[in-house]
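Take these sequences, add in the hints, and give me the full structure.
Chains as they are written, first to last, in UniProt numbering: chain F, 1 to 301; chain U, 1 to 645.
Everything labelled a hint here was simulated from the structure, so no lab data went into it. Take the hints with a grain of salt, since some may be wrong.
Some chain U residues judged to face chain F by a derived CB distance under 7 Å, without partners named [to be verified]:
no., residue
1, Leu27
2, Glu86
3, Phe101
4, Thr104
5, Pro105
6, Gln250
7, Asn253
8, Asp258
9, Ala263
10, Gly304
11, Asn339
12, Phe343
13, His346
14, Ala347
Computed footprint of chain U on chain F, listed as stretches where at least three residues anywhere in the stretch have a Cβ under 8 Å from a Cβ of chain U [said to hold, decoys possible]:
no., region
15, 32–42
16, 58–72
17, 134–144
18, 158–172
19, 213–226
20, 244–257
Just so you know, even glycine gets a beta-carbon here, dropped at the ideal spot from N, CA and C.
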Amino acid sequence: MNIALTHLQRLEAESIHIFREVAAAFSKPVMLYSVGKDSSVLMHLAMKAFYPAKPPFPFLHVDTTWKFREMITFRDQMAQKLGFDLLVHVNEDGVRDNINPFDHGSNTHTHVMKTVALRQALDKYGFDAAFGGARRDEEKSRAKERIFSFRNAQHAWDPKNQRPEMWKIFNTRIAAGESIRVFPLSNWTELDIWQYILQENIPIVPLYFAKERPVVERDGMLILKDDERMQLRPGETVENRLVRFRTLGCYPLTGAIESDADTLEAIVGEMLTARTSERQGRLIDRDEAGSMEKKKREGYF
Amino acid sequence: MRHILAKSLAPTDSIREYMAAQEKKSLLRFLTCGSVDDGKSTLIGRLLSDTKQIFEDQLAALERDSRKHGTTGDDIDFALLVDGLEAEREQGITIDVAYRFFATPKRKFIVADTPGHEQYTRNMATGASTADLAIVLIDARQGVLRQTRRHSIIASLLGIRHIVLAVNKIDLVGFDHGVFDRIVEDYRQFSQELGFQTVMPIPMSARYGDNVTGRSDKTKWYSGPTLIEHLENVSVDEAAAELPFRFPVQYVNRPNLDFRGFAGTIASGTVAQGDEVVVAKSGKSSRVRRIVAHGGDLSQAVAGQAITLVLDDEVEVSRGNMLVSPAARPQVADQFAANIVWFDEHALLPGRSYILRTETDQTSATVTDLKYRVNVNDFAHEAAKSLEMNEVGICNISTRSPIAFDTFGENRTTGAFILIDRITNATVGAGMILHSLRRAENIHWQSLDVGKHGRSDLKNQRPAVFWFTGLSGSGKSTIANLFEKKLFASGRHTYILDGDNVRHGLNRDLGFTDADRVENIRRVAEVARLMADAGLIVIVSFISPFSAERRMARELMADGEFIEVFVDTPFEECARRDPKGLYARALNGEIKNFTGVDSPYEAPEKPEIHLETLGKSAEEMVEALELWLNERDIAEDQYDNGGGI
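Okay, structure coming up:
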């Protein structure tokens, strides 16, 4: 019998353990489903953790109304195929005020349509635990966060006063109104994610694969013109270029990379020679120093 | 430097080969620890940088940050790479543990960069609990410090058996061999008792990279490995697979009537289809019918795997129980001795009730005896009445219900627990079980034929514990006394437990420290419970300042039997009345630990009865109590037709 578990087997087991712990200890968990590659892995692990049953919690997508259209199509296909309970929440106040990344900037847009929207959804349904796909290798403040990360009744994170987290013994106790954010992929790296997607043949949004797409060069990033809401500035032109995405968010805030990687193997190959981090393609992280920590303290995932 | 470039590979096949090679790599989890400013974060920055784990955009951000917050002049300040919180960058210190990831062609690594400040010891312990090796950094100019010792002791207690003694900043002592040898000797002397299997001393400069990934030409006297060579080759195999089978049941999976699976992670050993397993707490045995996994059943599974077991028989198993090997069973007991590391600013108090959690089980627990505290400097065993934050001690623990466990020495997974504060839900301590206490096995509950209901029915009443809490001089005793007179006159059987009176007898050995106050309440609560069991209406009149103890008392009684009565008189009014002249003396500093003056009173949040005494007479208060009692008895009579049970 092969005693030594592989690296991915160990990561998988740890994540499954975390899923089951939440299902056993909380009364109303939810999985935040952002439709990206990490969410795809998270969903796959959730299906494994409770097999032959379905995951005993719903999946929630906070839709900013500015996601890539292909993400929405993919989301609905997956919900139908796997038969999970999909909740979609939009901040209707933000829609009414026409909050958008072009006129209000990425900061305000993200705060209203993502952070506030998420808090609204959590309060509306009364969820006491929420799974997210964040990894510690993504960003410096995430590297500091616990797997079971406590939130007060205002959904705020207090990074200077986190609960100790010993072994695999998780403190799941909270008072009414408080909640826990849970990160089953904490110890996975970007490379682990791709290797696992390859190994398990996990479906992902086609935007991760290289294809000729209409893009505009803006502020040093290649922005996909995903629909007619994107207005060109003077001097800008739409060109068809061979591009793909390393990370997915709101289309006006997510930069594409020039690439011809159109298979999973080619993506992994490209990753091995990458010289920039994946979050470089995220405009929102660059707004100001410590911006991720600030957003997280306010309730962002 | 160590990266395989994809460009040198033909696309698909080579990537698959590369991935297969990646998969065979083992994983080492380690932490860096030691005193403040010994260079822990700098060392990790150096490791990440030298193993090419820092991307261009991260390097650019680091250069910007170094100019803004850096402490290394014009050079890049690598510490800023791991100190990810704003407060950390502003203060130039590490507050919480950061996890970073890197790989070499031989191994994958998860490193926990932990804080050196004593006040953040709990975060160091968090990083250590999942590590197999600790790099203990020492500033060559400072030598072995108090925090070096504390972190080494905690690493040892948490089961770490491999140490790298990184004698850092060797450049600042002129790469001196003698300094290095003296520090190594100091550390060896000190750490002899800590049970480490390997201690590897390496002279290094994290800032300049000497002996980190490349051999230094300035320490020719050193012939050992570089840090990275050692990390790649050290063997830390725990061999959990070879220990007896332990499967803590985490989740019972019951999607429909035809399927009942026990989900969990194998803590140790192996299991195969057809194996006999025993339910640890009941001793019932069964066989493994299926090992269920997504994508097809497994024939066998091994420590570390998260699986779902289906058994042959309908045995009673729920979360918190354990499926184990019939040949080597764990202990099942409600009393045991353990090492405790305390994390909370409120000290551990013997007698106080905490929530105890193992990986999947949960019960309430009290420390019955704090045997001693360990002095982190010289390992001396010191008598102590409480454990303060960051202290380490050995305790006897008593749990409300038995738990299944191994000793921590035998099994790092089934021998560990955490303690949680009942009120704040904070994780206040970590425990490593040493052994069970024999007395737990030999004293069994004697079952008696005459029950509580029989005794109280004979008295024509329902038992109750009226728990009066409030400041000294709030009027507890006056109201309690009048209340008992009224009850007595109406033919009820009562007894008053008064704080002052009990301290003359049962509790004459206790003082007024927090630890003694907790024990004071514990004893009185137990006496009140016996009296309620005897069928009495008990009136307890105690300041009982801490909500944790009042909650403990409540949980001792049957549902509805504990009635918390908050005698609410403002501090100023109590001090003005001062019936015993105590406030005047306490405010003068003549009496220490006086509730409301220099010892806290935690007011009840949801008492059953709230008596606001200002401007009211004792008679009015007692009327409110009588009304409450009558309403309860009428309500209960409606549900209970006199059957008694």
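Here is what the structure says about each hint:
1. Leu27: This interface hint holds because 6 Å falls under the 7 Å limit.
2. Glu86: holds, 4 Å
3. Phe101: Holds: closest Cβ of chain F sits about 5 Å from Phe101 (chain U), inside 7 Å.
4. Thr104: violated, 13 Å
5. Pro105: For Pro105 (chain U), the interface hint is violated, since the closest Cβ of chain F sits about 13 Å away, which is over 7 Å.
6. Gln250: Holds, because the Cβ-Cβ distance from Gln250 (chain U) to chain F comes to roughly 5 Å (cut-off 7 Å).
7. Asn253: holds, 6 Å
8. Asp258: Because about 10 Å separates Asp258 (chain U) from the closest Cβ in chain F, which is outside the 7 Å limit, the hint is violated.
9. Ala263: holds, 5 Å
10. Gly304: Holds - the Cβ of Gly304 (chain U) comes within 7 Å of chain F, reaching about 5 Å at its closest.
11. Asn339: violated, 13 Å
12. Phe343: Since chain F brings a Cβ to about 5 Å from Phe343 (chain U), closer than 7 Å, the hint holds.
13. His346: Result: violated, 14 Å to nearest chain F Cβ.
14. Ala347: Since chain F brings no Cβ nearer than about 16 Å to Ala347 (chain U), farther than 7 Å, the hint is violated.
15. 32–42: violated (count 0)
16. 58–72: Since three or more residues must qualify, the claim that chain U covers the region 58–72 of chain F is violated, with 0 doing so at under 8 Å.
17. 134–144: n = 8 at 8 Å, threshold three: holds.
18. 158–172: holds (count 11)
19. 213–226: Violated, because only 0 residues of the region 213–226 of chain F bring their Cβ atoms closer than 8 Å to Cβ atoms of chain U.
20. 244–257: violated (count 0)
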